[in-house]
Amino acid sequence: MTTVTTSSAVGIRKFVQKISINPSVVIWIVIVLLLLLARIVSSGFLTPTHMLNVARQASGLGIVTIGQTIVIITGGIDLSNGMVITLVDIVAATILRGKDTLLFPVILLCLAIGCLIGLVNGLLITKVKIPPLIETLGMFGILKGTAYVITSGAPKGDIPPSLNFVGSGFIGPIPTQVFFWVGFTILAIIVMHKTPFGRYIYAVGGNTRAARLSGVKTDRVVISAYIISSVLAAVAGLILAGYIGTGSLSLGEGYNLNSVAAAVVGGTAFSGGSGTIIGSTGGALFLAILISLLRFLGLPYSNQLMVQGAILAIAIYFQSRSQR
Amino acid sequence: MSNVLVSSKTKSASQPLKRLVQRIRPVYLALFLLILIGIFTQPTFLTLRNVRNIILSSTPWAIATIGQTLALLTAGIDLSIGPVVSLTNVIAAFLMKNHPNQVWGIVLLCIVCGTLVGLINGFAIARLRLNPFIITLATGTIIQGVTLGIMYQPGGLVTEGFLQISRAGLGAIPYALFFLIILYGIGTFILKRTPFGLSIYAIGGNETSAHLSGIRTSLVIVVVYSISGFLAALAGLFLASRIGSGDPLVGDPISLDTITAAVLGGTSLFGGVGDLIGGLAGAFFIGILSTVLNLNNVSPFYQWISKGVILIAALALDLWRQAID
Chain U
2 MTTVTTSSAV GIRKFVQKIS INPSVVIWIV IVLLLLLARI VSSGFLTPTH MLNVARQASG
62 LGIVTIGQTI VIITGGIDLS NGMVITLVDI VAATILRGKD TLLFPVILLC LAIGCLIGLV
122 NGLLITKVKI PPLIETLGMF GILKGTAYVI TSGAPKGDIP PSLNFVGSGF IGPIPTQVFF
182 WVGFTILAII VMHKTPFGRY IYAVGGNTRA ARLSGVKTDR VVISAYIISS VLAAVAGLIL
242 AGYIGTGSLS LGEGYNLNSV AAAVVGGTAF SGGSGTIIGS TGGALFLAIL ISLLRFLGLP
302 YSNQLMVQGA ILAIAIYFQS RSQR
Chain G
2 MSNVLVSSKT KSASQPLKRL VQRIRPVYLA LFLLILIGIF TQPTFLTLRN VRNIILSSTP
62 WAIATIGQTL ALLTAGIDLS IGPVVSLTNV IAAFLMKNHP NQVWGIVLLC IVCGTLVGLI
122 NGFAIARLRL NPFIITLATG TIIQGVTLGI MYQPGGLVTE GFLQISRAGL GAIPYALFFL
182 IILYGIGTFI LKRTPFGLSI YAIGGNETSA HLSGIRTSLV IVVVYSISGF LAALAGLFLA
242 SRIGSGDPLV GDPISLDTIT AAVLGGTSLF GGVGDLIGGL AGAFFIGILS TVLNLNNVSP
302 FYQWISKGVI LIAALALDLW RQAID
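Residue numbers (the numbering used here), protein chains in the order written: chain U, 2 to 325; chain G, 2 to 326.
Hints are computed from structural coordinates only; laboratory data are not their basis. This structure is a prediction, so every number in the text was calculated from the model and none was measured. It cannot be assumed that every hint is accurate.
Said to hold, decoys possible - Mimicking SDA-like on lysine to any residue, the simulated pairs with C-alpha atoms at most 20 angstroms apart in a straight line are:
hint, chain 1, residue 1, chain 2, residue 2
1, U, K130, G, Q323
2, U, K130, G, W321
3, G, K193, G, L270
4, G, K193, G, G273
What the hints assert, rightly or not - Residues from chain U that keep clear of chain G, each with C-beta distances beyond 12 angstroms, as calculated:
hint, residue
5, I78
6, N165
7, V167
8, N208
9, A211
10, L298
Ideal Cβ positions, reconstructed from N, Cα and C, are used throughout, including at glycine.
The task is simple: from the sequences and hints, build the whole structure.
Next comes the structure, spelled out in structure tokens:
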């Protein structure tokens, strides 16, 4: 009898240890805690309508975070994705001007823009060997300037109804955006865990030289990662454009740093080679819930920033402990 | 012998150019070219008034870039510089408006705040082993929140006497220039000629080796980030003196600009390589670029594009130079 109790106690302890060491799981536990906290602090926050609204807000960040996670796993970073969102919004609003007629060509154009930006990023990083932090930072500046130049500082034009539906509509009770987010997440999980490409991403991030020596075409893998990141940012840009319905020069603001924060909080290490899509999805959801909660509580923007920064610091502290 | 003769004859025509680029760091060439462009496109470029303006507007960036360079040299980064500049700028303007008799106390407070932020950063990076990018991003965000809490919109007022600090000079030469020269002189001396400075390079090169050879890496890193916070505070105070009031977003571009300036000047993102003077040239390059574009009525939007292109081009050039060797 005593032997059985001891081994089950050991089993339970091992189970708890396994959870607390795995950062991808930790973030989901933290989300539950956050929701409990929200319940205590304000009763209006946890209503279904409001939660669905939060899910809608989280979708844009979630989609972008998928791309950011893949890039970080390869050992890089993408600081240009926020500006891709803004640029796509500007392009769509300026060309469409509220009419559905050119919708599909414009969607293709925006995805092509994302593809091109990702390609340029990837090439500069792999062939010219510019460090990703600097290269994507430079690209961020270039895209920002381009967006301003296109609009001369004053964005014009509106987003047509069908895109609006994607951004602010519902399918049944669930916001349309959430379907896109969930869809891309599932797709990403399949790619990362069930395809050779996914394994190559982890390999390149874990040890680039070893990967190259084992025959992996590391440059192509890295370039693909950046293309994925920019294309996903373009998709998020189209969805967010549909949400706000007009052109805006600040639409993508904060998405670059927030997607990095979401990935890191979800267990993706900066050094590359580790991290999961599930974890990052949790990270994005966590950040979205947090920001929404702070706004709901009426906290002024200044306080929101303080809390966001503090949470980020605490999260990375715990992550660094668990990765020991 | 004949081989030598033959090979030297078959060298390409770009050899002299290559050697020029190798000998002189690109940032100095770029700065030189930029000044030439400025002179040729605008007759008013070389006027005393314009030169003064360039010096004064570049000074805060030049001060802050020292801190960023030091952080980069240790293979770290400091993203809280911008927010700290905004913080001290806002605190100075806010407090001086209501307490015009306590200017030096307020200055001291600002310096303490900045240094404290740097201390926290350094501690988190050295002791808690947190990633510099994320932790300075986190502290920067917190500080930005505090700054916006103090002053949501530009406001506040500095005292008359304080205004004069950035405007005073020896005749037409602003004291700020002398200050920069002294600051960079002392900084470069410390960096290149003292054990402390050399340990900064060592840590950037290989932190574990540095630690194993007896360098107190934690202490050095804490001091480096504290210096960075201290200098960011000075930059914020100088901006307060120059603008005359507080702006909670004044430091927004400074974090990235200082990284650009340092990298332009030859500091490697991976640590261990670089110096302060290059960063100074980089800071002035950014300052003069804005001036040249403004004088030529180029839309400020193009400045974003040009800064981005320059950043990438500078790095590409640096890597090309290293490849030639």
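Each hint tested on the structure:
Distance restraint check for U:K130 and G:Q323: the Cα-Cα separation of roughly 12 angstroms lies within the 20 angstroms cut-off, and the hinted pair is therefore satisfied. With a C-alpha separation of about 10 angstroms, the suggested pairing of U:K130 with G:W321 holds against the 20 angstroms cut-off. A hinted pair counts as satisfied when its Cα atoms are at most 20 angstroms apart, and G:K193 with G:L270 qualifies at roughly 19 angstroms. The suggested pairing of G:K193 with G:G273 holds, with an alpha-carbon distance near 12 angstroms, which does not exceed 20 angstroms.
Non-interface call for U:I78 relative to chain G: violated, since the shortest CB-CB distance, roughly 8 angstroms, does not exceed 12 angstroms. For U:N165, the non-interface assignment is confirmed: its Cβ lies about 28 angstroms from the closest Cβ of chain G, beyond the 12 angstroms cut-off. With a cut of 12 angstroms on Cβ distances, U:V167 stays outside the contact zone with chain G, its closest approach being about 29 angstroms. Once the 12 angstroms rule is applied to beta carbons, U:N208 is consistent with being away from chain G; the minimum gap is 17 angstroms.
Against chain G, the non-interface label of U:A211 holds: every CB pair exceeds 12 angstroms, the least being about 20 angstroms. With a cut of 12 angstroms on Cβ distances, U:L298 stays outside the contact zone with chain G, its closest approach being about 15 angstroms.
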